[in-house]
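Student: Residue-level listing of the chains:
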Amino acid sequence: MSDKIIYARDDNYLIVRLRDGDDFFETLLSLLKKEDIKSAVLVSSVGMMRDVELGWFSGEEYIKKSFEEPMELLSLTGSVNETEEGKIFLHLHAVLGSSDLTTAGGHLFKATVHQTNELVFLLPTNINLKRLKEGEGLLRLFPERKK
Amino acid sequence: MSDKIIYARDDNYLIVRLRDGDDFFETLLSLLKKEDIKSAVLVSSVGMMRDVELGWFSGEEYIKKSFEEPMELLSLTGSVNETEEGKIFLHLHAVLGSSDLTTAGGHLFKATVHQTNELVFLLPTNINLKRLKEGEGLLRLFPERKK
Amino acid sequence: MSDKIIYARDDNYLIVRLRDGDDFFETLLSLLKKEDIKSAVLVSSVGMMRDVELGWFSGEEYIKKSFEEPMELLSLTGSVNETEEGKIFLHLHAVLGSSDLTTAGGHLFKATVHQTNELVFLLPTNINLKRLKEGEGLLRLFPERKK
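Protein chains in written order, with the UniProt record's numbering: chain L, 1 to 147; chain A, 1 to 147; chain P, 1 to 147.
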């Protein structure tokens, strides 16, 4: 992780630039903790990633695939949630582009920032994005109006 | 459709979780009607879909293709509009991911929610997203400031 | 460029429809200048594009590829920034879909609007999205709280 994270925030936005070599999840989680943000929606993201791990859920387990080469970050969607224990949970799906302009995509498990990652999060001030266990035991999103 | 839709809303957001087996369009339209929302922008969506129908517009008709296997929902973009007759119109384009991490995409015609669909809509309080006929007879977006 | 751009804006949103034949960048830049918008986040975009040029960055130069046939606009993400000289800078990555429902994606260099482009920008009222030179000389995003 770089020694300084470049970002700006107000009541409605968290806008971040991650830097080459940053571990995507580690750096982002570190900033979310520092800013005490547990509910956020990722609405824009451009840049590149390398050493990416993507997955497809079979219903029982994730089939994962690794991509070492740098890829253009074409789309990243999902949200920051709060677990029952008050921990931060990230649920993100990515589309990435190769040098031949073809794409790959899936649940994002792992990535290193390549060149730059420009991320825009919205902060819904009146709604908590809780992630709780549902019947079958999987963690699911439970959006809740703040009281 | 499940007997209960899980969602939260305020003046600016509608955040919804659809559940396994829900017909994507039927369930969403039912919620939009119930909440009386005719203008909204979809800004985030993660989960999975099955029995998906995607299309590419030739200029005269849509060339459609069906995908039965469950796919990761990687990107879904577009908006909720209001027609001249006051009806809700959805215009959405999707990118979906297969088990080999390749992707497919197009205009979304049909989908069944697989596992979960976590959707975040923004509600532009001062702008109506009208969908009206233009010269050639096709329905087009006409964003309008509210008076 | 068409003689009239169809759009609506308020303090938080700029919602635009570009029309068939519009040069994507030229038309958009013309509107942003007219509305004096130098910081904005693109959060939704549907429609089609033709004569598209996409690129992948090798670290030294962009490897570019052109796509003449009309493609569905499946995802477009990024932001409008302000350079040190006060000029508008657009950084956008696109995913596009072909008639066989496969996709291509990369940094968007060039596009002509096909049929329609429905674009929704958010305007972060308290944050400037500056794009300035960093150490190695490349332009990078520097989000800044307004004073």
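No lab work stands behind these hints, which were simulated from the structure alone. Careful: at least some of the hints might be erroneous.
Since the list gives no way to pick one copy over another, a pair counts as held whenever it fits inside one copy or between any two copies.
[As the list claims (entries may be wrong)] As a list, the in silico DSBU-like pairs of lysine-lysine whose alpha-carbon atoms are at most 35 Å apart: (1) K110 / K65; (2) K130 / K38; (3) K65 / K147; (4) K64 / K147; (5) K146 / K65.
Note that the structure is predicted; figures quoted are calculated from it, not measured.
Student: Take the hints in turn and mark each one as holding or not.
Tutor: Now for the hints, and whether the structure bears them out:
{"no.": "1", "hint": "K110 / K65", "verdict": "both (10 Å within a copy, 28 Å between copies)"}
{"no.": "2", "hint": "K130 / K38", "verdict": "both (9 Å within a copy, 27 Å between copies)"}
{"no.": "3", "hint": "K65 / K147", "verdict": "neither (42 Å within a copy, 45 Å between copies)"}
{"no.": "4", "hint": "K64 / K147", "verdict": "neither (40 Å within a copy, 46 Å between copies)"}
{"no.": "5", "hint": "K146 / K65", "verdict": "neither (39 Å within a copy, 42 Å between copies)"}
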